[in-house]
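Peer 1: Chains as they are written, first to last, in the working numbering: chain D, 1 to 177; chain U, 178 to 354.
Rather than coming from a laboratory, the hints here were simulated on the basis of the structure.
Warning: the hint list may mix true and false statements.
Stated by the list, open to error - Sample of chain D residues lacking proximity to chain U, with all beta carbon distances greater than 12 Å (derived):
#, residue
1, T3
2, E54
3, S64
4, R67
5, Q77
6, D104
As the list claims (entries may be wrong) - The calculated EDC-like cross-link candidates involving lysine to aspartate or glutamate, where the alpha carbons are at most 20 Å apart (straight line), are:
#, chain 1, residue 1, chain 2, residue 2
7, D, K103, D, E38
8, D, K103, D, D44
9, U, K338, U, D208
10, D, K161, U, E331
11, U, K338, U, D203
12, U, K338, D, E155
13, D, K51, D, D79
14, U, K228, U, D203
15, U, K258, U, D221
16, U, K338, D, E154
17, D, K161, U, E332
18, U, K280, U, E304
Said to hold, decoys possible - Between beta-carbon pairs, the in silico distance windows are:
#, chain 1, residue 1, chain 2, residue 2, range
19, U, E201, D, V158, 25 to 33 Å
20, D, R42, U, E201, 34 to 42 Å
21, U, M216, D, S96, 44 to 52 Å
22, D, T3, U, K268, 52 to 60 Å
23, D, G22, U, E231, 29 to 37 Å
24, U, G200, D, V158, 27 to 35 Å
25, U, R219, D, D35, 35 to 43 Å
26, D, D35, U, D212, 31 to 39 Å
27, D, E24, U, R350, 21 to 29 Å
Beta carbons are placed, not taken as given, at the ideal position from N, Cα and C, and that holds for glycine.
Protein chains: 2
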Amino acid sequence: MTTRRIRYCCAVSVGGYIAGPGGEFDWIVMDPEMDFAEMSERFDTYLLGRKTFEAIGGRDESSSAMRTFVFSRTLRQSDYKHVTIVGENWKALVQSLREEPGKDIWLFGGGSLFRSLAAEGFVDTVEVGVIPTILGGGVPLVAEPASRIGLTLEEHRVYEKTGTVGLVYSVNRSDQG
Amino acid sequence: MTTRRIRYCCAVSVGGYIAGPGGEFDWIVMDPEMDFAEMSERFDTYLLGRKTFEAIGGRDESSSAMRTFVFSRTLRQSDYKHVTIVGENWKALVQSLREEPGKDIWLFGGGSLFRSLAAEGFVDTVEVGVIPTILGGGVPLVAEPASRIGLTLEEHRVYEKTGTVGLVYSVNRSDQG
Chain D
1 MTTRRIRYCC AVSVGGYIAG PGGEFDWIVM DPEMDFAEMS ERFDTYLLGR
51 KTFEAIGGRD ESSSAMRTFV FSRTLRQSDY KHVTIVGENW KALVQSLREE
101 PGKDIWLFGG GSLFRSLAAE GFVDTVEVGV IPTILGGGVP LVAEPASRIG
151 LTLEEHRVYE KTGTVGLVYS VNRSDQG
Chain U
178 MTTRRIRYCC AVSVGGYIAG PGGEFDWIVM DPEMDFAEMS ERFDTYLLGR
228 KTFEAIGGRD ESSSAMRTFV FSRTLRQSDY KHVTIVGENW KALVQSLREE
278 PGKDIWLFGG GSLFRSLAAE GFVDTVEVGV IPTILGGGVP LVAEPASRIG
328 LTLEEHRVYE KTGTVGLVYS VNRSDQG
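So that you can see chain D by itself, here it is in the shape it has in the complex (with noise of 0.2 Å):
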């Protein structure tokens, strides 16, 4: 059976860092030749853990085009109507929407998340926009400690008007769950 793809996307800077040593996103440029809204059209559905959720507002917001689930052990349902809280049933709630026929599922972090997705064998990809700028400290693409998981280069593409690098990866099958 084909499952739905669970593609790890987000902006790193050099060095590896997916937001400053407070939270910051201000070093993200947003070059003029990504198309936001072509990429948007290939998802349905965002999964975000707790910290990266609060991190860009916390909103209890959702869409007709997006379901939004937030991973959290903390968060009550009964605090939101649009977004779907998830909690101890994680693992088989991953499971049962990659079953479902749909669009992609946008995994848009963080590093706590996709280290326990990734352990499950759970990740198809990942795709960073390399912003040229060093943070010098920050959230990491990966939380720490996780496995080795290897990974094989699918496309690349260079902004030449900011410098970012998008660079798209294949999780190797044989590194994970």
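Fit chain U to the supplied structure of chain D, relying on the hints for placement.
Peer 2: Relative to the frame of chain D, chain U by itself:
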């Protein structure tokens, strides 16, 4: 006056580590299309931090083609014949090395030495070979905490056989020193 360039060249994992949690280098694949002999010919000087020097063996070796400088507050010059130990006077030494005639200077690492040199405006380029592996922990490209540094992408190259991505950045002058 034109000074010699100091280039921080190293392999990094996807996620930005230059060595594994235990200092491992075994994840670094050597792509057959990388011409290390040709690359080495562009340099005549190595700069290494003490930890990196010890990680690669700590041998008291040098060659007619390359001079080696090891930055350390604890190693003693009297124990070494072929490498130069650089202590308290490191800023003046780096400045004078830059002003000498010669080839480029290879800042071999690690992240602590890079941080110190970058803070003084001594680093001209950051050149990484991104290896398609996630380590899940290790030695960061830049020791934390460090100041933010803006970079400009100058060159890129994909090594198809291994999926290694070579990225050459110049350091934005306004962000250093």
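Peer 1: Can the restraint linking K161/D and E332/U be considered satisfied, given a maximum Cα separation of 20 Å?
Peer 2: Holds: K161/D and E332/U sit about 13 Å apart, inside 20 Å.
Peer 1: Is the hinted pair K228/U and D203/U satisfied, with a Cα-Cα distance of at most 20 Å?
Peer 2: Status holds; Cα separation ~17 Å.
Peer 1: Could you check the hint for me, namely that R219/U and D35/D are 35 to 43 Å apart, CB to CB?
Peer 2: Given about 38 Å between the Cβ atoms, the range holds.
Peer 1: Quick check on a hinted range of 31 to 39 Å for D35/D and D212/U, using CB atoms only.
Peer 2: holds, 36 Å
Peer 1: Please check whether R42/D and E201/U have a Cβ separation lying inside 34 to 42 Å.
Peer 2: Check passed, 36 Å falls within 34 to 42 Å.
Peer 1: Examine each Cβ of chain U, and state whether all of them lie more than 12 Å from the Cβ of D104/D.
Peer 2: holds, 20 Å
Peer 1: Is 29 to 37 Å respected by the C-beta to C-beta distance linking G22/D and E231/U?
Peer 2: holds, 33 Å
Peer 1: Between K338/U and E154/D, does the CA-CA distance stay at or below 20 Å?
Peer 2: Given pair K338/U, E154/D holds - Cα atoms ~12 Å apart, limit 20 Å.
Peer 1: Go ahead and decide if the range 27 to 35 Å is satisfied by the Cβ distance of G200/U to V158/D.
Peer 2: holds, 32 Å
Peer 1: Could you let me know if the closest chain U CB is still more than 12 Å away from the CB of S64/D?
Peer 2: holds, 34 Å
Peer 1: Check the non-interface label on Q77/D: least C-beta distance to chain U beyond 12 Å or not.
Peer 2: holds, 31 Å
Peer 1: CB of E24/D to CB of R350/U, is that within 21 to 29 Å?
Peer 2: holds, 22 Å
Violated hints: none; the structure is consistent with every hint.
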